[in-house]
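> Protein chains in written order, with this note's numbering: chain A, 1 to 341; chain B, 1 to 341; chain C, 1 to 267; chain D, 1 to 500.
One thing to keep in mind: the hints can contain errors.
[As the list claims (entries may be wrong)] Derived EDC-like pairs (lysine to aspartate or glutamate); straight-line CA-CA distance at most 16 Å: (1) C/Lys245 / A/Glu150; (2) B/Lys146 / C/Asp181; (3) A/Lys146 / C/Glu92; (4) D/Lys205 / D/Asp461; (5) C/Lys96 / C/Asp117; (6) A/Lys146 / C/Glu134; (7) B/Lys146 / C/Glu39; (8) D/Lys205 / D/Asp252; (9) C/Lys255 / C/Glu89; (10) B/Lys146 / C/Glu64; (11) C/Lys96 / C/Asp59; (12) A/Lys146 / C/Asp60; (13) C/Lys65 / C/Glu92; (14) A/Lys146 / C/Asp59.
[To be verified] Partial list, derived from the structure: chain A residues whose beta carbon lies under 10 Å from chain B: (15) Thr196; (16) Gly199; (17) Val309.
Hints in this document: simulated from the structure, not taken from any laboratory.
Ideal placement from N, C-alpha and C gives every residue a C-beta, glycine not left out.
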Amino acid sequence: MNRWVNRLRGRNNEGVLALTILVVVTAMTLVNPDFFTVSTLFGILRNSLVETVFALGVLIVIISGGIDVSFPVIGIFAGYTTIVIAQGGGSDPGVLGALLVAVVIGSLLGLVNGGLIARFGLPTLIVTLGTQGVFRGVLLAYIGSKYIAELPASIAQLSTTDLFVVQQGPVAARLHVFVVPVVLLCLAVHWLLQRTMFGRGVYALGSDAESARRAGFPVARLQLAIYALVGLLAGIAGIAHVTLSRNANPYELAGTELDIIAAVVLGGASILGGRGSVLGTVLGVVLIAVIKNSLILMGVPGTWQRAAVGVLLVAGVSIQALGARRKAARRRAVELEEARA
Amino acid sequence: MNRWVNRLRGRNNEGVLALTILVVVTAMTLVNPDFFTVSTLFGILRNSLVETVFALGVLIVIISGGIDVSFPVIGIFAGYTTIVIAQGGGSDPGVLGALLVAVVIGSLLGLVNGGLIARFGLPTLIVTLGTQGVFRGVLLAYIGSKYIAELPASIAQLSTTDLFVVQQGPVAARLHVFVVPVVLLCLAVHWLLQRTMFGRGVYALGSDAESARRAGFPVARLQLAIYALVGLLAGIAGIAHVTLSRNANPYELAGTELDIIAAVVLGGASILGGRGSVLGTVLGVVLIAVIKNSLILMGVPGTWQRAAVGVLLVAGVSIQALGARRKAARRRAVELEEARA
Amino acid sequence: GSGTVAQGPPGGDRNLASEDMRFVNVVKLVGVGWFDRMELGVQEFADGTGIDATQTGADDASPEKQVKVIQDLIAQRPTAIGVVPNSPESLEATLKRARDQGILVVTHEASNQQNIDADVEAFDNKAYGAQIVESLASCMGGSGQYAAFVGNLTAKTHMEWVEGGLEYAQANHPGIQRVVDPIESKEDESVAYERTKELLATYPDLKGFQGSAGTDVAGIARAVQEAGLADRVCVMGTSIPSVAKKYLEDGSIDKIFFWDRPRRARR
Amino acid sequence: MGTTTSGTVLAARDISKRFGGVQALDSVTLEIQAGDVRCLAGENGCGKSTLIKILSGVEVPDAGEIEIGGTVRARMSPADALRAGIQVIYQDFSLFPNLTVAENIALTPLIAHRRKLIDPRDVRARAAAVVAELGVRLDVDATVEELTVADRQLTAICRALAEQARVLFMDEPTTALTQREVRALFRVVQTLRERGVATVFVSHKLDEVLEISQHVTVMRNGAVVASGRVEEFDRMSLARAMTGRDVRDQRDVPSLDGTARPVLSVEGLGLDGAFEDVTFDLRPGEILGITGLLGSGRSEIAEALFGVTPAQRGRVEVGGEQVDIRGIDDAVAAGIGYVPSDRLTEGLFLDQSIADNVVAGSLDLHRARSGLLDRARLARTIDTFFAALRIKAPSVAAPIRSLSGGNQQRVVLAKWLARGPRVLVLNSPTVGVDVGSKEEILDILRREAGRGTGVIVVSDDIPELVSVCHRVLVVRRGRIHQVVGGERVTEDSILGGLSA
Ligand SMILES: Nc1ncnc2c1ncn2[C@@H]1O[C@H](COP(=O)(O)OP(=O)(O)OP(=O)(O)O)[C@@H](O)[C@H]1O
Ligand SMILES: Nc1ncnc2c1ncn2[C@@H]1O[C@H](COP(=O)(O)OP(=O)(O)OP(=O)(O)O)[C@@H](O)[C@H]1O
Ligand SMILES: [Mg+2]
Ligand SMILES: [Mg+2]
């Protein structure tokens with residue numbers, strides 16, 4: 001019975017998160033039958049796409065025991081620069097071409113972080129705080145500071161490409177085609193973390209860096225790869241953001257880092273490292289999106305949304321902490337019994 | 001000789017910071033003789049006042065091994081609410097009355113952070129990330145979201161009170177009277193950290209929380225006091241900010257947390273806790289202000305200022321890290337020699 | 001860089017030769033199409049007169065950043081400063097300081113600014129607003145709810161546009177109601193987008209939007225288009241073609257309004 | 001059985017290592033044969049761990065060469081060493097607390113094999129096989145952080161055995177274990193020896209060294225000073241080889257005033273799931289030992305007295321007055337001091353100076369009338385204890401991290417003695433401390449007791465208890481099973497109480 005509850009709760013409280021989402025959706029539907037529509041669902045999904053991709057990167061860093069606050073800047077750097085290059089080149093690079101450029105830029109910037117961290121052993125928060133400023137400065141001073149309203153034709157077309165459209169009376173509910181690559185990306189990162197030596201190395205590093213070194217993990221190379229990967233994911237998120245916004249604005253995204261870290265932590269990742277899952281992260285992002293959406297529908301002013309996310313974060317982490325403490329106490333009791341037996 | 005160099009460098013590289021400031025000022029004066037004026041000096045000081053007060057709070061938290069990202073929101077919450085209350089009350093509360101109100105509000109919000117951290121043992125970043133959102137939501141939804149241009153008469157008068165004015169040809173260089181309380185505050189925090197049980201407890205906590213508990217420090221009470229103190233300082237900074245900007249805008253300050261953390265870390269405080277000084281912090285804040293001012297006078301675009309601060313941060317922390325490594329090696333050498341003697 | 005005059009600021013002397021004069025135009029924010037277009041005008045002025053005229057601004061439309069930009073400028077002591085204020089009120093003290101130091105101050109879109117040497121307005125702001133709402137009313141079929149956006153609640157001109165529009169609607173189209181007070185977009189397309197989503201959720205019967213900042217209509221249209229309401233909701237307001245083009249093409253923006261008189265355009 | 005002489009599996013020749021300009025290892029040469037059990041002995045800081053770290057690729061030597069299975073290398077990475085068949089049980093285990101036992105056991109060999117992908121079923125199967133082969137009970141699906149210390153040790157052992165190792169290093173593997181686990185570990189070593197695996201064993205417990213090893217290598221100040229078959233050494237000669245002087249090692253307890261009123265009285269102390277009905281008195285100047293097996297609750301009794309995990313029932317009197325110990329504050333206020341077993345995580349501020357640490361527990365006693373810290377008195381206290389405990393360091397400003405284990409332990413003692421406690425409780429005070437330092441620390445306890453302090457020593461080092469205690473309480477299953485006092489305090493009587 002107890003075991004069954006634990007199974008349902010999941011390693012990182014994924015079950016609790018899923019349950020919370022269910023409760024919120026049910027409550028909202030009771031209050032306002034309009035809530036539970038395909039259109040609402042698609043809207044929530046669309047709003048979560050870019051955040052989810054960023055969150056995957058943050059998840060990897062947090063599991064590895066580090067923290068990165070430069071990823072939104074890397075994202076907009078990659079997304080904006082890609083558009084600038086595409087416009088400068090004259091010819092339309094196509095969707096895959098643009099993606100490739102964004103991924104390369106993102107990875108390179110991530111490598112800068114990784115290099116500084118792996119080479120000099122500096123605290124990850126400080127390094128990414130510093131590079132965040134540098135990347136942003138270079139972006140605005142060298143690449144451009146203008147709002148670009150016209151995207152290359154291929155990207156502009158993708159902006160309004162839907163996976164499918166459900167007609168509901170006069171309103172059309174649209175599910176953006178980006179849902180497909182984002183789902184694939186989640187599966188890929190899950191696989192990477194769970195089934196590859198790299199992924200287990202990330203957990204090992206976050207668990208205990210010196211033990212990881214002694215066990216033969218190439219720690220410096222691992223860190224380099226982790227931050228490059230975060231940059232890569234940020235690059236993807238950046239170009240996705242530009243596409244979905246239908247314009248390129250170099251001032252956007254910067255400043256959203258703490259929100260995404262909050263979603264990942266809410267999703268059960270431990271800020272101390274070594275713990276976290278893709279499923280939990282996705283649920284964390286979705287829960288925040290559901291709550292925000294519910295508040296909008298209930299006519300709660302936008303300023304309250306931040307407050308709600310704040311309460312959610314503190315409550316969520318408190319519950320996790322209390323749960324862990326209770327579990328430890330139970331374990332101790334069991335052991336003493338066994339030792340005496 | 002070596003010992004003399006070490007003395008000059010200071011425990012937290014204060015000497016290196018002071019030297020850097022000197023070099024930048026000298027270089028700027030050579031390039032542009034207009035730079036080295038009383039007016040520039042006063043300008044830099046004025047621009048550093050509010051940041052310094054915030055930085056003192058951040059310093060205490062960082063020494064204690066925590067981190068706080070909610071302090072700018074606490075600051076503007078306290079500052080703005082004080083003005084709202086003063087306006088609502090009808091009668092002018094006077095400067096001291098306003099300060100008192102801001103300090104009480106700031107401390108109470110800080111106590112919320114401290115309570116959550118001490119009671120549930122949650123990660124400080126997560127708690128303050130959460131409360132940041134909550135405080136901001138409450139401020140904008142309950143207290144107000146309007147820009148207030150008219151401050152109460154006493155505060156409005158303080159806004160333009162100068163300690164002294166130096167006439168330079170047609171230009172008057174003004175030193176704002178706030179320099180006095182800010183200097184006093186720095187001395188007070190220095191004394192608090194170095195000469196009181198509370199201060200030593202802060203260092204002990206940051207050095208090793210479990211050891212601090214075993215040494216008999218009342219850890220929970222200490223944490224409560226630390227976050228209340230940060231709130232108190234943020235309250236002072238908030239009302240100072242409102243006074244100096246001659247208006248109250250609830251959207252301000254939020255988002256500046258990472259900049260101030262950067263200044264404190266640049267000033268030699270260790271993000272891992274247990275290390276940092278008021279002198280270093282003040283020098284860190286001033287160095288950033290000097291660099292920004294120099295860039296402005298050289299006509300460098302504002303976007304580059306962030307980049308410069310970023311480079312400064314990474315370089316500063318790298319130098320500290322490398323220095324610490326070299327120092328550790330030297331120390332071991334001395335000991336082994338003695339052990340063998 | 002700053003001037004080479006040994007004593008005193010160049011701003012103190014208004015009889016300088018045009019090569020020694022320096023004008024700086026401070027706009028609400030940099031990097032948006034509207035002010036890029038304005039910068040073109042500043043450049044043409046510089047080319048034509050030989051005066052060192054440039055344009056600058058903060059990276060978002062917040063009043064305090066604009067104050068900071070002007071304070072930094074005062075330290076460099078130019079001959080004259082032009083300002084398109086985000087919040088005329090919050091600029092007063094700073095502009096006074098500039099004028100105290102002998103710098104000429106000229107504003108645009110700020111009919112109520114006090115500490116200035118001159119203010120430039122393109123036309124009667126209320127009449128302009130009335131014209132936008134007249135078009136909106138006919139698009140909405142003469143009845144229904146609409147909402148209005150401004151860049152900043154403190155931006156005098158934007159407020160005059162939406163107030164002029166509201167007064168016109170109340171006088172001439174009793175079937176048209178504005179649902180809430182003007183909404184602030186912070187001159188930011190994504191803020192306009194978010195606010196529009198909220199409005200559409202709160203007021204499902206909304207039929208019209210009036211935008212004021214150049215990017216307002218783009219953000220509104222994006223939200224309307226995503227909600228599948230492009231055909232039901234009318235979106236109109238001040239903007240420029242480069243920003244609004246694609247939404248005009250797919251029908252999510254119905255009409256934009258602007259004025260534009262750079263010399264190059266007349267040639 | 002005879003030693004299998006199937007040749008040298010590992011040879012380290014002329015290994016030197018400098019840390020910051022000083023020789024931590026000075027041209028050390030060591031050869032290990034298959035099936036050999038070799039003990040590395042020496043004082044704290046003589047270079048034992050450094051040698052192990054070099055031979056396992058964790059540190060790179062400055063000079064010298066390492067030959068493993070015929071291949072000579074100047075340097076190698078941890079992965080190289082693992083591939084060459086070198087396994088290490090580090091003193092701190094070096095496990096991953098957030099990963100499962102299975103992963104902890106199976107990941108290391110998979111890295112060594114340069115595997116890129118992981119199949120959880122494969123991992124589990126490999127780990128289960130190792131566990132089964134060793135015949136121990138270990139839940140491979142549990143995460144390591146859920147395990148007891150003993151199970152963690154077992155996990156570390158299983159990890160070291162997951163691959164057919166050539167050489168197994170064990171760096172002080174018994175410090176956290178009680179007699180029972182030590183016996184189990186020795187059985188494992190015996191099995192490995194029969195399989196031809198060479199074992200290098202480090203311990204400060206001389207009896208263990210003499211029991212398990214076939215060869216002994218003694219180091220001093222980074223160099224090998226003696227080496228030979230174990231039969232050539234006894235306790236005295238081994239201690240002399242390590243320290244360069246004679247180490248006294250017999251029972252020496254100060255005389256006791258039998259009429260003095262108890263400084264501490266404990267009556268009916270109980271805590272659910274930990275201990276029950278604990279009653280004893282402690283007189284001024286008395287040194288009382290408490291011992292028991294793992295999980296017997298002896299540590300909990302000490303921690304309850306200090307308020308770390310307060311007791312739920314019972315009475316505690318200090319100096320005749322009842323005190324209610326609900327937290328550490330209460331214990332400190334009542335005059336109880338506590339030296340925890342794990343000084344590295346619970347006793348010291350590693351990055352702070354000796355000075356700061358010495359007064360960390362007694363700042364409140366150094367307040368001037370104004371309530372502020374009295375700096376002059378602080379300095380006096382620091383200097384007094386620095387001299388009295390003969391802490392070996394360049395100055396009181398040296399950070400704790402730079403001290404050797406024995407000296408760190410002295411700083412912990414100084415910290416509590418500075419409070420002038422009426423009752424001093426010490427949990428395993430000489431764990432990981434070399435024989436020389438250990439004797440000096442026990443002397444400090446005797447001196448402190450001679451001044452009228454009541455001293456409680458919680459330990460499983462029976463010779464140590466015999467050497468210093470007036471009385472010893474043996475705890476079993478949370479209850480005081482036996483009290484051994486006066487002339488009856490001998491190793492045999494205590495061991496008898498433990499296992500009866
Ligand atoms: N990573 C390191 N950096 C600098 N010095 C070190 C390092 N590791 C060890 N030392 C120094 O080298 C010397 C030998 O240390 P080592 O840990 O090998 O001693 P040990 O014989 O294992 O002692 P113990 O019995 O206390 O474990 C010590 O003086 C120590 O301070
Ligand atoms: N804080 C804790 N959390 C979880 N389990 C604990 C904790 N402290 C002790 N235990 C468990 O309680 C049991 C008894 O621990 P205790 O430390 O009292 O044993 P001990 O007799 O002192 O053994 P040792 O020889 O290891 O010191 C052990 O199984 C230990 O793992
Ligand atoms: Mg060692
Ligand atoms: Mg124990």
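> Can you give the numbers of the hints that this structure goes against, from lowest to highest?
As far as the earlier hints go, 3, 6, 7, 8, 9, 11, 15 and 16 are violated by this structure, in ascending order.
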